[in-house]
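A.B. asks: Sequence lines, in order, name chains G and P. The first sequence stops at residue 456 when you use this note's numbering, and every number in between is there. The second sequence stops at residue 684 when you use this note's numbering, and every number in between is there.
Worth flagging that the hints you see were computed from the coordinates, not collected in a lab. As the structure is a computational prediction, the values presented were derived from the model and not from experiment. Misleading hints may appear alongside valid ones.
[To be verified] Once the Cα atoms are required to be at most 30 Å apart in a straight line, the calculated DSSO-like pairs of lysine-lysine come out as: (1) K557/P - K255/G; (2) K656/P - K329/G; (3) K664/P - K324/G; (4) K656/P - K363/G; (5) K627/P - K527/P; (6) K329/G - K527/P; (7) K443/G - K656/P.
[What the hints assert, rightly or not] From chain P, some residues computed to sit far from chain G (all C-beta separations above 12 Å): (8) T477; (9) R520; (10) E623; (11) G671.
Cβ coordinates follow ideal geometry from the N, Cα and C atoms, glycine included.
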Amino acid sequence: MRRPSVSRRLLFAVAVPLVLFFALTIGVLDGVFRSLSNASLRELLAEQVVGLVTAADLNRDGGIDVNLLDPESRLDVPGSGLYAVVRDQNGKLLWSSPSLNGTGLELGMRLAVGGADFRYLKARDGTQVAELSRGLQWDYAAGASKNLVFTAADSTEPQRQQLWRFRQQMAGWFAALVLAVLATMAWMMRRALAPVRRLEQEIAAVETGAAQGLGADYPRELAGVAKGLNALLESERNRIAHYRDTLGNLAHSLKTPLAVIRANLGTAEEVAAQRATLQHEIDRIAQIVDHQLKRAAAAGGVTLGQASVPVLPLVTDLRAALLKVHAHKDLGIDLDVPAQFGFLGDTGDILELLGNVLDNACKWCRARVAVSVQLDGAREVPHRLSIVVEDDGAGIAAADQARVIERGVRADEQVPGHGLGLAMVRETVALYGGELIIGSSAKLGGARVELRLPGR
Amino acid sequence: MRVLVVEDEAALREALKSDLTAAGHTVDVAADGEEGLYAATEYPIDVAIIDLGLPKLSGLELIRQLRARGKTYGVLILTARDSWQDKVEGLSAGADDYVAKPFHVAEVQARLAALLRRSGGWASSRLRCGPLELDSRAQTVTVHGQAVELTSFEYRILEHLMLRAGEVLSKTELTERLYAQDFDRDSNVVEVLVGRLRRKLDPDDTLKPIETLRGRGYRLSLPRSTAA
């Protein structure tokens with residue numbers, strides 16, 4: 001199952017709480033509005049009741065007349081929405097407002113003095129009416145009173161419409177706000193995630209071969225990924241080129257000695273005489289195969305998450321081995337290798353490199369070889385390890401220094417060995433993106449070989 | 457000289473045997489590691505040629521075991537891969553030199569000859585005489601725990617003196633330890649080396665590890681402790 005996109009998840013993570021928050025706000029505001037609305041309706045009804053009480057008169061028959069002060073009062077208009085009745089303490093209807101005509105409403109109730117009641121009723125036409133009743137002791141003359149129930153009712157229709165309008169407006173405004181906020185967030189996230197999109201595009205380009213690597217200037221969080229990917233790509237490219245080269249070289253270089261052998265295979269008498277040539281060419285084939293196979297075997301390349309190989313134990317072992325191998329010389333091998341320095345690469349590779357360089361130094365020196373390892377903080381990570389091997393021999397003449405590392409060239413034919421040792425070193429160093437520097441040693445007067453490799 | 461050849465590839469084994477016999481040596485052969493170990497420990501061998509890739513018991517293990525059983529003769533290893541990893545492993549297991557395959561028999565013979573002159577191997581990995589300690593595997597020396605840098609000749613002289621601590625060794629005997637060929641010998645070299653050793657091991661002249669016995673030779677005057 002494909003995981004949902006980061007942008008979508010972010011947006012969703014922001015949108016959901018936002019919408020919930022707004023919904024909650026709307027709910028609260030709605031509640032407040034309704035509550036205020038109801039309170040105001042009750043107040044209105046209470047005032048109507050007071051008005052009724054003031055306007056009521058006892059008439060000749062013992063009933064009630066209500067002389068409304070306002071000539072345009074809604075109580076006079078049938079079906080106006082504002083209604084009022086007066087009942088006595090037994091519930092008998094004493095007066096009802098003209099507005100009640102045709103509404104079919106039964107307003108009022110029996111209430112004790114001091115009692116109050118608020119309820120909702122439904123009119124014949126389906127509209128709702130809010131009704132407030134008060135039980136009062138009505139003083140109609142000095143010392144004379146009657147217990148009456150005054151009731152005022154108002155249609156809730158206008159209130160309902162107001163609420164509806166309020167809700168509409170609120171919903172409208174809030175919806176607009178939510179959309180505006182979401183749109184802004186979406187735009188901001190697009191901008192923030194632009195580097196991620198660029199990474200996507202660049203990776204796609206690399207996959208199709210349109211690009212060789214990822215660009216630079218990624219933000220801190222992605223810089224590590226981009227750099228690691230580039231290193232991986234570079235390493236893989238080197239590896240492939242290396243294999244291709246090796247196989248090509250092997251095929252080519254074997255052809256010549258084979259051709260010589262073939263040409264020399266003559267009659268039985270001739271074969272015996274040419275045994276030396278055959279032997280020589282077979283030696284060459286053996287050497288070439290050996291060399292190319294070793295090259296193919298070199299692991300090479302910096303892999304991500306590579307553990308560091310401590311250099312000191314390897315150099316110590318090599319020193320002991322070389323003292324034995326070169327036992328015919330009174331050899332002194334001085335080591336200046338701090339224990340904490342390590343090589344970022346394959347153990348076999350660094351051992352071959354050090355072995356070849358040290359062996360050469362031991363062959364060429366008079367009596368002393370010095371090995372020192374340093375970490376150069378000024379150089380770019382990870383290529384900071386610097387391994388220097390110096391000897392007190394004759395050294396390599398300046399003119400020869402570049403030639404010596406070419407394949408098959410030795411500076412002096414007298415010392416045995418196929419002369420391929422340093423060429424191999426150069427190739428392996430190149431595979432790690434490092435450097436091989438050959439010069440003269442100021443300290444010991446002979447040759448100085450420096451390997452710059454990834455390390456820490 | 458009695459030479460042991462331990463090599464599993466028959467053609468190579470027979471070729472070595474016939475070449476070495478023709479050169480005047482007595483040759484014993486073994487085709488696998490176990491046979492080789494038996495021969496290496498039971499016969500009075502002077503030098504051994506051991507292939508690293510053996511069946512039954514690996515070449516490395518064979519070397520370790522023969523050293524562990526006190527055999528100190530020279531061991532030449534044959535390596536197929538010619539990688540430094542193989543060489544270092546073989547040499548630190550107890551071998552003294554290596555030859556990469558495919559080799560010229562002449563090269564093998566030359567290295568054998570060199571080994572025969574100089575005594576190879578070591579009786580035990582560590583030698584201690586008083587405050588002097590010598591580690592044969594790492595070819596290092598410490599005095600009172602402090603490391604001392606020695607050249608390979610200085611090391612070999614000291615090792616021999618320590619192996620025969622308390623005995624007098626003549627200049628000739630010590631010189632033999634250094635050189636494979638007679639004509640390379642410099643009769644003064646032992647004197648120079650002993651002088652250098654004294655300066656390096658005993659800079660303030662308090663220890664006096666090496667005694668000169670006029671007309672007879674040198675002796676290590678520090679008592680040998682049981683090796684660690």
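A.B. asks: Does the structure break any of the earlier hints, and which numbers would those be?
C.D. replies: Violated: none.
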